[in-house]
Amino acid sequence: MKTLIEKLAWICIGIGCIVFLIYIIKLGKSDYTLIRQIGDSDIERTGQIGDFFGGIVGSIWALAGVLLYFSALKLQSKEIANQINEMNENKKLMSQQQFETTFFNLLKTQQELKNDIKGTFNYIGRHNTSFNYLSKEYSAGDFFICIVNEMRKLYAIYKKEKFERWDESYVKNYLYQYYEERENGDDDPSYDYQTEINQIFYFLNLSYLTSLYSIKKETIEKAQNKETEELMCKCIYGHIFLRYQNELGHYCRHLYNIVKFLDKEKTKCIADIKNNTELDSIEKRFSGYFSFVHSMLSTSELCVLFYNSLIFPNAKELYVKYHLFDNLLQENLLKKRHAQFITGATLKTGKDIFQEIVKDMV
Numbered sequence: 001m002k003t004l005i006e007k008l009a010w011i012c013i014g015i016g017c018i019v020f021l022i023y024i025i026k027l028g029k030s031d032y033t034l035i036r037q038i039g040d041s042d043i044e045r046t047g048q049i050g051d052f053f054g055g056i057v058g059s060i061w062a063l064a065g066v067l068l069y070f071s072a073l074k075l076q077s078k079e080i081a082n083q084i085n086e087m088n089e090n091k092k093l094m095s096q097q098q099f100e101t102t103f104f105n106l107l108k109t110q111q112e113l114k115n116d117i118k119g120t121f122n123y124i125g126r127h128n129t130s131f132n133y134l135s136k137e138y139s140a141g142d143f144f145i146c147i148v149n150e151m152r153k154l155y156a157i158y159k160k161e162k163f164e165r166w167d168e169s170y171v172k173n174y175l176y177q178y179y180e181e182r183e184n185g186d187d188d189p190s191y192d193y194q195t196e197i198n199q200i201f202y203f204l205n206l207s208y209l210t211s212l213y214s215i216k217k218e219t220i221e222k223a224q225n226k227e228t229e230e231l232m233c234k235c236i237y238g239h240i241f242l243r244y245q246n247e248l249g250h251y252c253r254h255l256y257n258i259v260k261f262l263d264k265e266k267t268k269c270i271a272d273i274k275n276n277t278e279l280d281s282i283e284k285r286f287s288g289y290f291s292f293v294h295s296m297l298s299t300s301e302l303c304v305l306f307y308n309s310l311i312f313p314n315a316k317e318l319y320v321k322y323h324l325f326d327n328l329l330q331e332n333l334l335k336k337r338h339a340q341f342i343t344g345a346t347l348k349t350g351k352d353i354f355q356e357i358v359k360d361m362v
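Under this note's numbering, the residue at position 105 of the sequence shown is numbered 105, and the numbers go up by one with no gaps.
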């Protein structure tokens, strides 16, 4: 579509052509011709004709040329601007593609870290009238399940009224006397002795963990004297983290850096936006990225990360900001009340989930 400047230029060209034709026609009607041989008497008139064409028609066409030149410059400027915009869009697209390639490679590495993670868990088991020191190695998802179970045992230790330090000689003697009494006495057929033995070894294992994790009585008492169990939870996870730091440390740091990487990229993209439409697009795009992070975390992993956040505030800030704990139920924690230890974390209960399921049925 022609611009106003182009239209003016073509109008000037048209006017010049019209003036030229009119002047030629008038010259023809006055019996003057340029074809014949020009004599001395015609030189003055011919000069007037040249002055007319050069001064009037030529000026009109020169103006048309200037307008067309200006229009060409304007068009060229637009084309250059379009090329720059296109280059910027291509640059943004390439930057986004590079970012996504890096992001999905990080997710792949995180999954590999989880698959390769291994940990040995120690316990005591029954052996005739005594016990044996046993251990078993767990990997990948089972490792995190065992970590949570280990934390539950440590929580039971911290909640006991009486601290029982592990004493191998005492335990051997205690078990020997117990089984001696069983052998020499008359068993009650209605009594569940297996449950009793399981209970005995459960508490003996709790005592064994005090030695395994180097838990001090003073630490437990200090945690018990607090109004809340936050210090207790920090101590419990601290014991776990120190023992399995080679496995948990790498895993947790890498996940934190993935979230931090997303946060920095999102902040950068928001700083470059020009309107709300772009902001909505960025929010949706990064919401999708964080959905990938959420989807690769199991319940036991989320539970471990929750207590990990209590001792690493930078991680806690980012995890809360991007709702990493939204898929973790309060019942998955050591105690439901622990959910209040992280401000901003929206942990639901099983009842809340059920209410959401049946709300459309009412």
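Everything labelled a hint here was simulated from the structure, so no lab data went into it.
Since the structure is predicted, the reported quantities are computational estimates derived from the model, not experimental observations.
Where hints are given, some of them may not hold.
Stated by the list, open to error - Below, computed lysine-lysine pairings styled on DSS-like, alpha-carbon distance capped at 27 Å: (1) Lys160 x Lys222; (2) Lys172 x Lys216; (3) Lys260 x Lys118; (4) Lys153 x Lys78; (5) Lys162 x Lys217; (6) Lys153 x Lys348; (7) Lys260 x Lys114; (8) Lys335 x Lys153; (9) Lys222 x Lys321; (10) Lys159 x Lys335; (11) Lys348 x Lys284; (12) Lys351 x Lys321; (13) Lys162 x Lys348; (14) Lys226 x Lys160; (15) Lys222 x Lys153; (16) Lys114 x Lys266; (17) Lys336 x Lys348; (18) Lys118 x Lys136; (19) Lys217 x Lys234.
Results of checking the hints against the structure:
1. Lys160 x Lys222: Holds: Lys160 and Lys222 sit about 13 Å apart, inside 27 Å.
2. Lys172 x Lys216: 22 Å, holds
3. Lys260 x Lys118: Holds, at about 26 Å.
4. Lys153 x Lys78: At roughly 71 Å apart (the allowed maximum being 27 Å), Lys78 and Lys153 break the hint.
5. Lys162 x Lys217: 9 Å, holds
6. Lys153 x Lys348: 24 Å, holds
7. Lys260 x Lys114: 19 Å, holds
8. Lys335 x Lys153: Holds, because 13 Å separates the two Cα atoms, which is no more than 27 Å.
9. Lys222 x Lys321: 32 Å, violated
10. Lys159 x Lys335: 12 Å, holds
11. Lys348 x Lys284: 24 Å, holds
12. Lys351 x Lys321: Holds. Lys351 to Lys321 sits at ~25 Å (cutoff 27 Å).
13. Lys162 x Lys348: 34 Å, violated
14. Lys226 x Lys160: The hint holds at about 15 Å.
15. Lys222 x Lys153: 19 Å, holds
16. Lys114 x Lys266: Holds: Lys114 and Lys266 sit about 26 Å apart, inside 27 Å.
17. Lys336 x Lys348: 10 Å, holds
18. Lys118 x Lys136: 10 Å, holds
19. Lys217 x Lys234: 16 Å, holds
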